[in-house]
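Engineer: Each chain is listed here by its residues.
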Amino acid sequence: MAYLDHAATTPMLDAALEAYVATAREVGNASSLHAAGRRARRRVEESRERVAAALGARPSEVVFTGGGTESDNLAVKGIFWARRDAAPGRSRVVSSAVEHHAVLDAVDWLAGHEGAEVGWLPVDGDGRLDPDRLRAELTAHADRVALVTAMWANNEVGTVQPVAELAAVAAEHRVPFHTDAIQAVGQIPVDFAASGVSALTVTGHKLGGPTGVGALLLARDVPAVPLLHGGGQERDVRSGTLDTAGIVAFAVAVEAAVKGQQEYAARVAALRDDLVRRVREAVPEVVFNGAPTDRLPGNAHFSFPGCEGDALLLLLDAQGIACSTGSACSAGVAQPSHVLIAMGADDDRARSSLRFTLGHTSTAAEVDALIAALPIAVERARRAAALRTPR
Amino acid sequence: MRVLAAMSGGVDSAVAAARAVQAGYDVTGVHLALARNPQTYRTGARGCCTLEDARDARRAADVIGIPFYVWDMAERFHAEVVDDFVAEYAAGRTPNPCLRCNEKIKFAAVLDRAVALGFDAVVTGHHARLGSDGLLRRSVDLAKDQSYVLAVLTREQLDRSIFPLGDATKAQVREEAARRGLAVADKPDSHDICFIADGDTRGFLADRLGEAPGDVVDALTGTIVGSHRGAYQYTVGQRRGLRLDRPAPDGRPRYVLSITPKTNTVTVGPAEALEVSRVRATRPIWTGGARPTAPIECEVQLRAHGDAAPATVTLQADALHAELRRPVRGVAAGQAIVAYRPDPAGDVVLGSATITG
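Those sequence lines, one after another, are chains F and W. Per the numbering used here, the first sequence starts with residue -11, numbered consecutively. Per the numbering used here, the second sequence starts with residue 25, numbered consecutively.
Treat the hints with care, as some may be off.
[What the hints assert, rightly or not] Partial chain W-side listing against chain F, Cβ under 8 Å, derived:
no.	residue
1	A57
2	P91
3	V94
4	D96
5	R137
6	A140
7	L141
It should be emphasised that the hints constitute simulated quantities derived from the structure, not laboratory data. Note that CB positions come from ideal geometry on N, CA and C, so glycine has one too.
Here chain W stands alone, though its shape is the one from the complex (with noise of 0.2 Å):
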């Protein structure tokens, strides 16, 4: 079987690509170049498109002995991923651009190609498992754990796709990456978003966004009670960088509760307002068996490192709508919810969707 593996520069994907070797596959390594500039993302250390990522991920290749190439996608990128990130801030969405990048590119344009290049499967280095049951379950490393960003995989995808990291923590990956003489093997891990070069999310969207004054009014009175430069730089939940000018009449915190971009109000209260008991999803995908025509009992995932909480979840046709068995705060519109099937083998992801409320 012919696999392409997909490098970032890092350690994760070098392991899996050398693992998939020692499966008895016939790899091809290849390196993503997603920035229009590479000057213009992350280096060292904090990111995975940089000149210096490209060199890791081809002397990795080396080391492994597989062909290596670099592959364009920075146009691809910048359509699918960058573009949709700033628009669903924009929108008073709050988006996971890693998600987005497995949806829109590493599992569709790249797997795309090469299933046209005549390759059977993607490899990467996700921490995931995806056993010959065909369902996705979490990483025995549950800290590492990426099922959440590869629940939006579709059964077609997953079916051409193999992570071949989901039965080692970390530190296994590292050690093992260390004793396959893969200089990578110490290399920090990658932070945040890959393509906001100084990490500084607010400013990125306000040189592509403008600023745009709105007002931040108080849910419970209804009061003005601070200024915004732009309602798309906050997210539901947050509670630092509010600049209010009056405190609140109870003298307690206050978080984000919701945005309004038509209004550009962006709406506060304290944390017990942010509690959700029933999540609205669309575009769902399920992946985990049949589709159920009855309610079901599960756990849902609603962020990237979140906790899973118990919940009963209904599956229409183009909705999902999850009610929570305890309330949880922090729900932000454009993140993914996931429902996972708790399994003592590994907690199975049965199927994702895009919040809405």
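Same shape as in the complex, but just chain F (with noise of 0.2 Å):
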């Protein structure tokens, strides 16, 4: 098997499953006052401040959550509630074209039920934000924004945003900035202090820690609202017992992806620029979406001129290659991609797009598989699509 969906999930690392698992084996409840809460506590405590030393960030800043979704929901709303509250006229949010759905429907959750108004920045035609068009939307609106929020990394494209100029705007304007950097963390360097931003998320499983853990970085002076009300904890942002060993291998994760980074990065890039070389050689005609230079490591992004994503991933498929079309509803339906659209494609060239994307049990092998698959593939798509007029 051909595994290139590395961006979807990634195996996790030994290391983590088990730290995962010799404190699964241990009871205890961080909250608890009696030594099992507090031998658990101190797990978790010590995780934060791995998180916190990977990340550029002070353990204070750290609030474990469920995952990226939450993180970024709870960054979108918590900051725009608490920010509204605090000045009523503050109800705008800026955000950009090409956020991932756990930003962009939170967005557009805020604009149908809590009456924000919302400023999508647009990008180029890699994908790119423009911190100008930043400037003069906070120049024109800076009073009645509640938040900037725009992503590290795209997670289809796998363009990097400029996020440091990015923030630096939002701060000269005194406006909290989110970024959603699950798909950055462990593939280009992160550093939550030094990138100027207020929030970051991060999520455990794209980098080799579990599903279902990771942390919203959010500075001690950017108030939230909570999504989740409980017991307290996470400084009250985040109630909800804390999921001891699902964070402690979380740390392991993000500290070893911090760590291995750079090497991790040569080498994936690498084998990257021959997949992209060679599927290139195969189909000619393929377009090369996203960023050339600013980009993820591990993430080729192709346009295959009239051939359907979905006919494409089902035909790899079969051949054991695993690849990514983007999104699908909740049917399963493949949709064309809203990136790709931003990006300027028309619905024709989202509809042919596939996603491959390497990470850290990536093989040259794996490359060669799929470059032997793709010619045939595309070939049977192709004459498949062309069937889609109605006789």
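Each of the two chains sits in its own frame; use the hints to bring them together as a complex.
Structural biologist: In structure tokens form, the structure reads like this:
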């Protein structure tokens, strides 16, 4: 099998899995006062320090959550509510057209249910945001903006955003800046303090940790209204019994991913460049999507003119090759990517796209398998797409 | 052989897929998303295009152990089946959307895509037999037989179709599903028309065609005996819901005899006036052997759940005529006439055509 979908989820690191199993065998609620509770609490706090150290944050800035979607929702809704509560006129959210649905739909929900106005920032043909557009937006509306949220790196096309520049613009206008860094951590250098952002989302299962655990790095001076009310854990921003084993494994994975990032990126980018070169040779009409250089090392994203991505996925899947078309609706139907549409692609090009993402277990043999299977898949998918006009 | 199993989320298509695996085929399951907005279609037990149905199909594929995908056929389905359904009623005819879906979606759009993608055939859970002789026959379960809605398939389509359930009764299919651990074993059968959410066909048509009031005319006297809000809301043979102002002189119930879109008139009359001895039909398809050059004796079925009637059928290049040995009531334009050759091994579908009058 060739697993070329590491951006969807990547295998757990052995060290993280071992840490998980060892911790899960221990009893103890981190909020309990007795010895077992204190031991669990100690594991959580040590993990908090490891995550903080790896990501350039202070331990008190690490809020453990149930994963990326929760962190994004907590940042977007929580900061919006807190900022609007402090000044009722502040009901504008500034975001980008290429966000993950965890941000996009949270922003849409605020617009639909909380009366939020939204300023959507456009991207260029590579999917990149322009800090000047943010500056113009904030110059026009700064008093009314509750927060800016823009991802660090795009999950579909792999384009890395100029986050520090964007955060600096937000800081000029004293507006909190949240970034979804789910795809970035472990792939490229990420430093919370140095980047100047106010809130940052990270999740475990994209970097070798378990699914269902992540964190929101939240600066101490940025208030957020909780989504979950209850026992008051995590500085009252995120109630719920702490997932000690998950948090421990998450911290092990974050530390390992950040420590090994440079070496990992060099190895995986070389493999990815080889993949891109050989896909282009095999299918000369292919369109390479996303930024050519400011890009995640493991991401390769193409449009295959005249094909439908879901047909290609089926054909490659039958050959044991796992890749992705982007998002699917609740019924499982592939949808044209909003990211590609925002980059100026038409519906056909958006529907003809496939994402291949490499990760820590990727091998040259997997790329070989893809290149072997691709030409016949493209030919068949093209035949199928040609039937689309009703007879 | 690589085959594509169309999985609706019901028990029949699940068992059909499982039987195809057992028969040694390399099976891939596909659920067809036919609704533009799944919430607007039937929910739960009554439909075949809801999110629950997609989930049921996926779970069945998991249990069977085959790959599973959802194919978006909503645009095609709307253009070829739903819009056609509305247009046929507007033209005073009575369409069969299941038949149309087989002809244009399952064994056309889906089959063509499957073949292009390298599959050799499509497997469905229809209750009909298709053996190595290439002949389409009625299911052993005559109450569930679906050969009528498959009779529109051409030779080329049949050659790429597999119906694994033809030798099983519905009860046997359910037992087998339970034995195979398929959760849909006791899922109720789907009914009616999948794209009409509440089962209200008249309301569905009225929403799309608008109100068009007109007269209900008695065929015998030529007098106006009532009014209607749209001739498309009636079908030949219909008795209920006529809301006539005046009783018939003879006091007997009246039935819709014909619909005339040109004058927006619904003509009613006594039951015996519904009797038809001669059926004309167009667009014939002949798959039960060589095309006959002379009239042949066979049986014909004139609607989905009707009885077969003995008839003499004459096949022409683009038409089919049937002389019925005894008159039949309620023959509606737009329905299919299907010719069968009685056979102890299952009546054989000879051919079909669309009734024009």
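Engineer: So, W/A140 near chain F? Judge it on the closest CB pair being under 8 Å.
Structural biologist: holds, 4 Å
Engineer: Report holds or violated for the interface hint on W/L141, using the least CB-CB distance to chain F and a cut-off of 8 Å.
Structural biologist: holds, 5 Å
Engineer: Holds or violated: is there a CB of chain F closer than 8 Å to the CB of W/D96?
Structural biologist: Given a least distance of 4 Å, the restraint on W/D96 holds.
Engineer: Does W/P91 pass the interface check with chain F, least Cβ-Cβ distance below 8 Å?
Structural biologist: Holds. Min distance 6 Å.
Engineer: Would you settle whether the hint for W/V94 is holds or violated, based on the nearest Cβ-Cβ distance to chain F being less than 8 Å?
Structural biologist: holds, 4 Å
Engineer: Quick check on the hint: W/A57 CB to chain F CB, less than 8 Å?
Structural biologist: holds, 5 Å
Engineer: Mind checking the CB of W/R137 against every CB in chain F and telling me if the closest is under 8 Å?
Structural biologist: For W/R137, the interface hint holds, since the closest Cβ of chain F sits about 5 Å away, which is under 8 Å.
Going down the numbered hints, you'll see the structure goes against none, and every one checks out.
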